[in-house]
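K.L.:
What follows is each chain in one-letter form.
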Amino acid sequence: MLDVTSLLESIKAEPYTEMPVRAPHTGVINFAGVREGDRVMGPCGEWKEVPGTRIATITREHNPKPVAAFDKGVIQVLNLEMEGHFVEAGTEIAVLRHYLSRDEVVRIILRKSLQLFCAPERAKYYFVPDVDKKVKISGSRSVTVQDGMELFIVSRMKREVPLIYHGAEGVIYEVYFKQNENVDAGSPLIGVCPPDQIAQIEDVIARVQMDWTEAE
Amino acid sequence: MENNHKVLIANRGEIAVRIMKACRKLGLEFVSVYTAEDSSSGHVRLARETGGPKSLYRISSYHDANELLSVADDAGATAVHPGYGFFAEDFRFARRVTERSRPLIFIGPSWRVIRELGDKINTKRLARSLGVPTVPGSDRPIYDELEAEKVARTLFDFQLQQGVARPLVLVKASAGGGGMGIEEVRDVDLFRSVYRRIRNYAMRQFKDEGVLIEQRIRDFNHLEVQIVSDRSGKNPVHFGTRNCSIQSTGLQKRVEVAPGFDPSSVHYDFDAARVLEDITGHALAMARKVGYDNVGTWEWIVTRDGHPYLMEVNTRIQVENGVSASIARVNGEKVDLIAEQIRVGLGEPLGYTQEDVTFEGVGVEYRIIAEDPSANFTPWVGNIERFSWEEHPWLSMHTHLPPLSPEAPYAIPTEFDPNLALAIIWGKDLNEVRERGMDFLEHLVLEGRNGKSEGLKSDVEFLKQNTARMLRF
Numbered sequence: 287m288l289d290v291t292s293l294l295e296s297i298k299a300e301p302y303t304e305m306p307v308r309a310p311h312t313g314v315i316n317f318a319g320v321r322e323g324d325r326v327m328g329p330c331g332e333w334k335e336v337p338g339t340r341i342a343t344i345t346r347e348h349n350p351k352p353v354a355a356f357d358k359g360v361i362q363v364l365n366l367e368m369e370g371h372f373v374e375a376g377t378e379i380a381v382l383r384h385y386l387s388r389d390e391v392v393r394i395i396l397r398k399s400l401q402l403f404c405a406p407e408r409a410k411y412y413f414v415p416d417v418d419k420k421v422k423i424s425g426s427r428s429v430t431v432q433d434g435m436e437l438f439i440v441s442r443m444k445r446e447v448p449l450i451y452h453g454a455e456g457v458i459y460e461v462y463f464k465q466n467e468n469v470d471a472g473s474p475l476i477g478v479c480p481p482d483q484i485a486q487i488e489d490v491i492a493r494v495q496m497d498w499t500e501a502e
Numbered sequence: 008m009e010n011n012h013k014v015l016i017a018n019r020g021e022i023a024v025r026i027m028k029a030c031r032k033l034g035l036e037f038v039s040v041y042t043a044e045d046s047s048s049g050h051v052r053l054a055r056e057t058g059g060p061k062s063l064y065r066i067s068s069y070h071d072a073n074e075l076l077s078v079a080d081d082a083g084a085t086a087v088h089p090g091y092g093f094f095a096e097d098f099r100f101a102r103r104v105t106e107r108s109r110p111l112i113f114i115g116p117s118w119r120v121i122r123e124l125g126d127k128i129n130t131k132r133l134a135r136s137l138g139v140p141t142v143p144g145s146d147r148p149i150y151d152e153l154e155a156e157k158v159a160r161t162l163f164d165f166q167l168q169q170g171v172a173r174p175l176v177l178v179k180a181s182a183g184g185g186g187m188g189i190e191e192v193r194d195v196d197l198f199r200s201v202y203r204r205i206r207n208y209a210m211r212q213f214k215d216e217g218v219l220i221e222q223r224i225r226d227f228n229h230l231e232v233q234i235v236s237d238r239s240g241k242n243p244v245h246f247g248t249r250n251c252s253i254q255s256t257g258l259q260k261r262v263e264v265a266p267g268f269d270p271s272s273v274h275y276d277f278d279a280a281r282v283l284e285d286i287t288g289h290a291l292a293m294a295r296k297v298g299y300d301n302v303g304t305w306e307w308i309v310t311r312d313g314h315p316y317l318m319e320v321n322t323r324i325q326v327e328n329g330v331s332a333s334i335a336r337v338n339g340e341k342v343d344l345i346a347e348q349i350r351v352g353l354g355e356p357l358g359y360t361q362e363d364v365t366f367e368g369v370g371v372e373y374r375i376i377a378e379d380p381s382a383n384f385t386p387w388v389g390n391i392e393r394f395s396w397e398e399h400p401w402l403s404m405h406t407h408l409p410p411l412s413p414e415a416p417y418a419i420p421t422e423f424d425p426n427l428a429l430a431i432i433w434g435k436d437l438n439e440v441r442e443r444g445m446d447f448l449e450h451l452v453l454e455g456r457n458g459k460s461e462g463l464k465s466d467v468e469f470l471k472q473n474t475a476r477m478l479r480f
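So the sequences go chain by chain: X and L.
Heads up: the first sequence begins at 287 in the numbering used here, then just goes up one per residue.
Heads up: the second sequence begins at 8 in the numbering used here, then just goes up one per residue.
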C-alpha cells in the first residue's frame, strides 16, 4: 500500500506548481491591469460558469477574447512589454504560481493509488457509446470494467478503432481524459479501483482532507 | 497580372509548399501559418528561408477563421489560398473573406458556386436537371433511422429487380468527404447497426448526424475531370481525366493516373474514348450552368459496362492536380495548375481555350504514406530518418518533409494524415510510365522508427503491387 505520510510530506515541501499562461491564439494583446504579485482567481461556480480573473484580452478579427487565469494563484511574471503588440499563438504572456488545494492533493494521491489504464498512443479517446451514456447519466463510478472489455474508441488521423481494457476488474474511480482533446501516449485514461480496495482509498481521501491545510 | 498581391496560405504541408513555390513563380509575396505540431514541417522551413517580412506566423489551429484573418491583416495579405481540406470548400469562409470590412480575394470558386456544388445533395439535383446520370439513392441527408432503413430496402429491391445478384448499399456521412465515414451494407437486416455506427461517427467528426444512402456500385473505375475557369465563369476548359481507382480499403486514393482510360494500350469492353468524352462534356456543361469560376473536379463512377455516374463535385484544387498537369500542355507549354488557380483567382482572364490545351503521354501519381496496408492501412506514427530518391527529368516530387538524418528525424504529427510525399511520373505511354514507376519505387529510400523501435511501415510495396494494374478494370 502507498506510504501516504511520506507522499504528503513531499507535496508539502513544495505545495505549488508554476504554470505558464500562453496566448491561446494570435492577435493584438492588451493587459487587463493585473500586476506581478497579484492574486488571481480561476473559474468558479457549480459549472465553472464564472470565468477566472482576466489577465489580458487578445483581439483578432475584431473579436476580443479574454485570457483569464485558469486556476487561482499568484502572478509571478507578467510580460507587459508585449502590450499592444500582435502575438502569436503559444507566446508566454505570464507565469502563474498555483497553490495546491485539498482536492488536487487527493487527485495526486489517487493517481498513485489507483490502477491506471494508459493511452497506448497519442490520440483522442472516447468511451464506447453504452459506457459514455452511463458515465454521463450516473457518473464514472457507476461503471465496472473487466479485463477484455471493449471500453474506448481511439480516434486518430480520422480513423476510429476500438480499444480493449486490460487490467484489474473494478469501478472507474477517476477519468483523466477529455473528449475531443488529444491524450499523449502513456498518459492515464482512467483510474480503476478494485472493489476490495474502495474502503482503503476512501480512508486515504479522508486523511488528506483532514491533514492538508490550503496555502491560500 | 498585378504582382503587388500577398497571399495568405491557409493550409499546411505539401500543398502549402506548392502554393509558396507557385507564388514565387508568379512574383507574389506570401504569408504562411503553422501550428505547434507542425513546427518542424518543411513548409515552415521554406517560409522561413524564402519568405519576406511577416511571412510566417504560429497559430493555434488551421480551423480558426478569426486567427487566419487576423494574420492576413497583420501581414498585409490581399488574398487567401485555402489549399485543400480545412476551409477549401467552406462557402461561409469564402463569403466572409470577400465581404469583410477589409475584403480579401478568395483563391477558389466564389462562395455562391461552392454553396451550389459543394453540397452533394444540391449537386445531385443540378446534375439530374441537366440529364447527367447520378448514383441511385437519397437526394437529401437522412436523420431518421426508420426512414433510412426504408430507403435502404428500396435500393436493395431496386438492385434485385435490375438482376444484381448481390445487392449492396452504401451509407455515407453526408458532411464527410475524402473517403471517410463510408460503409457498405451487404444484408438489409444489418443495416441498422451500420447506420448507427456511421451516424455516431458523423456526429463525432462533423457534428452532423445526416447520412446519405446510395446504391453501392461494385467493380467500377473512379474517374475525375479537372476543370479550370476564370472569374467570368463563361470559359471553362478541362485538363483531361484522371483514374483514381487504386484506393486503400478505406476508399482513399493511393495511385492516380492521367488520362482516365488509355484505349490505345488497354482493351476495354466498351467505348472508353466515348466515356471520357461524355464525362468531360457533362462536367463542362455543369460548370457553364453554374458559372464555375476557378479550379474544380467532377468525380465519376464508371461501371464495367461503361456507364458513368456523377458522384460529386470538389470545389477546390485536389491533391492529385499534379498528375493532370503532367500530361497537359497549354499552347505546347507545361502547366502548373496551382499557379493557374492563383492567376485566375486574382482576376486574370484564362487567356486560352479548349483548343489550346493538348495532352501528351501518361502520368501517374503515387501517394507515399506512412501506414500499414496489411493492417487495414492503419496510420503509422514515428520518426522518419531517411527519405531520398533518384532524380529524373520525368519525376516530380512534392513533399513537406525537411532534409532528414537519423540525428535530425521528422516526427509525424498525429493530428494530421501521415502523408509523406506525392511522386508524379511521366512516360510517353502506359508501358513506359509503369517501368519508370517501378524504377522509382525500387530506388526509393524510406526509413524510420517509432517509440517501440519498430521499423517504419509504408504503402510502397502496395504501390509496387498495383503499378501493373494501372488503368485496367
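Calculated directly from the structure, the hints in this document are not laboratory data.
Just to be clear, a hint being listed does not mean it is correct.
[Claimed, not checked] Which stretches of chain X does chain L cover? Using the computed rule of at least three CB atoms under 8 angstroms from a CB of chain L, they are:
id	segment
1	363 to 372
2	385 to 399
3	405 to 416
4	473 to 484
[Unchecked claim] Non-contacting residues of chain L with respect to chain X, defined by C-beta distances greater than 10 angstroms in every case (computed):
id	residue
5	R65
6	E152
7	Y208
8	I308
9	G313
10	V337
11	T360
12	N390
13	T421
14	G462
For every residue, glycine included, the Cβ atom is placed at its ideal position computed from N, Cα and C.
K.L.:
Would you say L/G462 is clear of chain X, with no C-beta pair closer than or equal to 10 angstroms?
P.N.:
Given a closest Cβ separation of 17 angstroms, the condition holds.
K.L.:
Is it correct that the beta-carbon of L/I308 has no partner in chain X closer than or equal to 10 angstroms?
P.N.:
holds, 22 angstroms
K.L.:
Is the nearest Cβ of chain X still more than 10 angstroms from the Cβ of L/E152?
P.N.:
holds, 14 angstroms
K.L.:
Is the nearest Cβ of chain X still more than 10 angstroms from the Cβ of L/R65?
P.N.:
At roughly 4 angstroms from the nearest Cβ of chain X, L/R65 sits no farther out than 10 angstroms, so the non-interface label is violated.
K.L.:
Since L/T421 was said not to touch the interface, does its Cβ keep a gap of more than 10 angstroms from each Cβ of chain X?
P.N.:
violated, 5 angstroms
K.L.:
Non-interface claim for L/V337: all C-beta distances to chain X beyond 10 angstroms?
P.N.:
At roughly 36 angstroms from the nearest Cβ of chain X, L/V337 sits farther out than 10 angstroms, so the non-interface label holds.
K.L.:
Are at least 3 residues of the segment 363 to 372 of chain X within less than 8 angstroms of chain L when you compare beta carbons?
P.N.:
Result for this restraint: violated, n = 1.
K.L.:
Just checking, L/G313 versus chain X, shortest CB gap more than 10 angstroms?
P.N.:
holds, 33 angstroms
K.L.:
Classify the label on L/N390 as holds or violated, using whether its beta-carbon is more than 10 angstroms from each beta-carbon of chain X.
P.N.:
L/N390 is indeed farther than 10 angstroms from all Cβ atoms of chain X, at 13 angstroms.
K.L.:
Examine the segment 405 to 416 of chain X: at least three residues should have C-beta closer than 8 angstroms to a C-beta of chain L.
P.N.:
Result for this restraint: holds, n = 5.
K.L.:
Do three or more residues of the segment 385 to 399 of chain X come closer than 8 angstroms to chain L, measuring C-beta to C-beta?
P.N.:
As far as the segment 385 to 399 of chain X goes, the hint is violated, because 0 residues have Cβ atoms under 8 angstroms from chain L.
K.L.:
Is the listed coverage of the segment 473 to 484 of chain X by chain L valid when you require three or more residues with a beta carbon under 8 angstroms from a beta carbon of that chain?
P.N.:
Result for this restraint: violated, n = 0.
Checked against the numbered hints above, the structure breaks hints 1, 2, 4, 5, 7 and 13 and satisfies the rest.
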